[in-house]
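Engineer: Here are the chains, one letter per residue:
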Amino acid sequence: MSQWLPIAELAAKVKSGELSALQLVERSLQTIAEKKEYDAIIAVTAERARERATNIDTAVKNGEQPGRLAGVPFIAKDNYLVFGAETTAASNMLRGFIAPYQSTVIEKLEAEGAICVAKANLDAFAHGASTENSDFFTTKHPLDKERVPGGSSGGSAAAVVLDMAPFALGTDTGGSTRQPASFVGCIGYKPTYGTMSRFGIVAMASSTDVVGTFARTVDDAALVIDVMSARDPLDSTTIDRDEAGYIDLSADISGKKIGIVKEWMSSGLDGGVKQVIETAAEKFKAAGADVQEISLPTLPLALAVYYIIVPAEVSSNLSRYDGQRYPYSNSEAVDLDESYITSRGTGFGAEAKRRIMIGTYVLSSGYYDAYYNKAQTVRTKLINEFRAAFERLDFLIGPVAPTPAFKIGENSNDPLRMYLADVMTVGPSLAGIPSISVPAGTSNSLPVGLQIIAAQRQDRALLGMAKAAEGLLA
Amino acid sequence: MADLTRDDVLKLARLARLTITDEEIEQYRKELSDILQYVAQLQQVDVSGLQPTTQVTGLTNVMREDEVIDYGSSPDALLRIVPNTQDRLIKVKRMIG
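Each protein sequence line maps, in turn, to chains W and Y. Residue numbering for the first sequence follows this note's numbering, starting at 1 and increasing by one per position. Residue numbering for the second sequence follows this note's numbering, starting at 475 and increasing by one per position.
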């Protein structure tokens, strides 16, 4: 049982003076302190949080309107720039980087009265599926400390399930919000590409990076999404928000056409996960949905496409960390070239180096056409298959990941095996379509999420479907 | 696709401006070879008649006014994150020997 009321109710009680923002912030900070052994959090932003809470409480006393998220504490993945807070992306490279400006989505949340209380752990630069690639420490699964919480946004996901705050922000490049949400058992939302601004978020792969939302319920997530979604001149990839907004959802599933993705239900899938997905499909049918099997033949190739395109973009985005502009620098170097290569060679962890070198390889002359260009063209084939599927179906469903949460160390010595944790989430990322993980059951007592996917810009419909699923699968 | 050689790895590290240790060379040689073998499966896919996708929501050039806006920061705040400065300039090591 959560200590937090639904977000809309919390904000209403702060606005009426029944609860104070400072009380909520203190409750959040206390829970973070009590559950420190899970290593979900890199740093708290207590001073600024208390100051903001006091200002909100004063505004309420003065009869001012403090916003739709008045006094609601939240936790941001440590790749979001938050004023005055160290923003490390869990990397040695950015240790000591005090954000000189703030992400657009943090601005939007603050403008409605929400309060950032802490920065959560992740795989360094968001490269990974377990938080084991964090340069600092590995976050423990809230239900089993020997297991990972998933990744890369594992700290944010664990923080929500550990009840540290009513919601948390992650990022999702190839599954980094949906997969940890499935592993720990909360809502994890990846919107249509461009729905929210990435300005002020440490870039990983710009053609798929999106803001991810973790919450306990679909309604809580939807309210936060509604506050954050807008075009932003500072991120030219942003798109117009849905005119109907993202709240007051219709949770009617009756008559909806739902495709269960054949390619994800076959070999290599954990038996318990398969059972959970099949049971969900049966419940949707019983509730009046038309559930049918659908094949997307190119989908099994999505992971190979992803692990060409994403390292290519990573190698480009991480070129800015050169030992001259951000805090980490090797001061022993005698000239500039040596300063570049030794700062990067010692400042980056193993996974960042692997991705930079793969990216460098697939973009290098002689290999560009065979790898990068080919991957971008297979991406078109995949997008066409999704588009064709959504011409006759409202939603696709399937697992989020092939297994429930794995053990710490189980995949960490084999990078390719770790990549396979993303096999079911990378397709929607490459196509820029929205996708959500909704808690749907358990396998061996570990949470399992159902992935629900919709056509591009159908975020509002997807959230409604997720709300229906939440009711049927609870 | 043939496995990468030690020289391939050293060349990649050089292109990517990364130092790597002797032990790392063999580790990356094996890991990068595995990853490249895996992604090479795309080379068999028939993509005739298809164009590469570079932007998924169909946006083309997005223009805005080039205006100074206040986002609560300052040149000094930006310079504070730089490892080495002198007289409000970023200082780097010498470029030629």
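I should point out that these hints are in silico values taken from the structure, not numbers from a laboratory. Since this is a predicted model, take the numbers as computed values, not measurements. Idealized CB from N, CA, C, for every residue including glycine. Some clues are possibly wrong.
[Unchecked claim] Part of the chain W face toward chain Y, derived, beta carbon under 10 angstroms:
1. 83
2. 102
3. 358
4. 472
[Claimed, not checked] The following label-pair restraints were derived from C-beta to C-beta distances:
5. W:316 - Y:568: 34 to 44 angstroms
6. Y:562 - W:407: 24 to 34 angstroms
7. W:58 - Y:569: 36 to 46 angstroms
8. W:338 - Y:549: 22 to 32 angstroms
9. W:58 - Y:564: 38 to 48 angstroms
[What the hints assert, rightly or not] Covered by chain Y, per the in silico footprint, the following chain W stretches (three or more residues, Cβ under 8 angstroms):
10. 19 to 31
11. 236 to 249
12. 283 to 295
13. 307 to 315
Engineer: Note whether the CB distance of residue 338 of chain W and residue 549 of chain Y lies within 22 to 32 angstroms or breaks it.
Structural biologist: holds (28 angstroms)
Engineer: Would you say the stretch 283 to 295 of chain W counts as covered by chain Y, given the rule of at least 3 residues with C-beta under 8 angstroms?
Structural biologist: violated (count 0)
Engineer: Are 3 or more residues of the stretch 19 to 31 of chain W near chain Y, judged by a Cβ distance of less than 8 angstroms?
Structural biologist: This one is violated; 0 residues, fewer than the three required, reach chain Y with a Cβ under 8 angstroms.
Engineer: Cβ-Cβ distance between residue 58 of chain W and residue 569 of chain Y: within 36 to 46 angstroms?
Structural biologist: Roughly 54 angstroms apart at Cβ, these two residues miss the hinted range, so it is violated.
Engineer: Please test the hint of 38 to 48 angstroms on the beta carbon pair from residue 58 of chain W and residue 564 of chain Y.
Structural biologist: At roughly 41 angstroms between Cβ atoms, residue 564 of chain Y and residue 58 of chain W fall inside 38 to 48 angstroms, so the hint holds.
Engineer: Taking 10 angstroms as the limit, does the beta-carbon of residue 102 of chain W come near enough to a beta-carbon in chain Y?
Structural biologist: holds (7 angstroms)
Engineer: Minimum Cβ distance from residue 83 of chain W to chain Y below 10 angstroms?
Structural biologist: holds (7 angstroms)
Engineer: Are at least 3 residues of the stretch 236 to 249 of chain W within less than 8 angstroms of chain Y when you compare beta carbons?
Structural biologist: holds (count 3)
Engineer: Quick check on the hint: residue 472 of chain W CB to chain Y CB, less than 10 angstroms?
Structural biologist: Hint on residue 472 of chain W: violated, closest Cβ of chain Y at ~31 angstroms, above 10 angstroms.
Engineer: For the range 24 to 34 angstroms, tell me whether the beta carbons of residue 562 of chain Y and residue 407 of chain W fit it or not.
Structural biologist: violated (51 angstroms)
Engineer: Please verify that hint: residue 358 of chain W, Cβ, nearest Cβ of chain Y, below 10 angstroms or not.
Structural biologist: holds (6 angstroms)
Engineer: Measuring from beta carbon to beta carbon, are residue 316 of chain W and residue 568 of chain Y in 34 to 44 angstroms?
Structural biologist: Check failed, 27 angstroms falls outside 34 to 44 angstroms.
The structure is inconsistent with the numbered hints 4, 5, 6, 7, 10, 12, although it conforms to all the rest.
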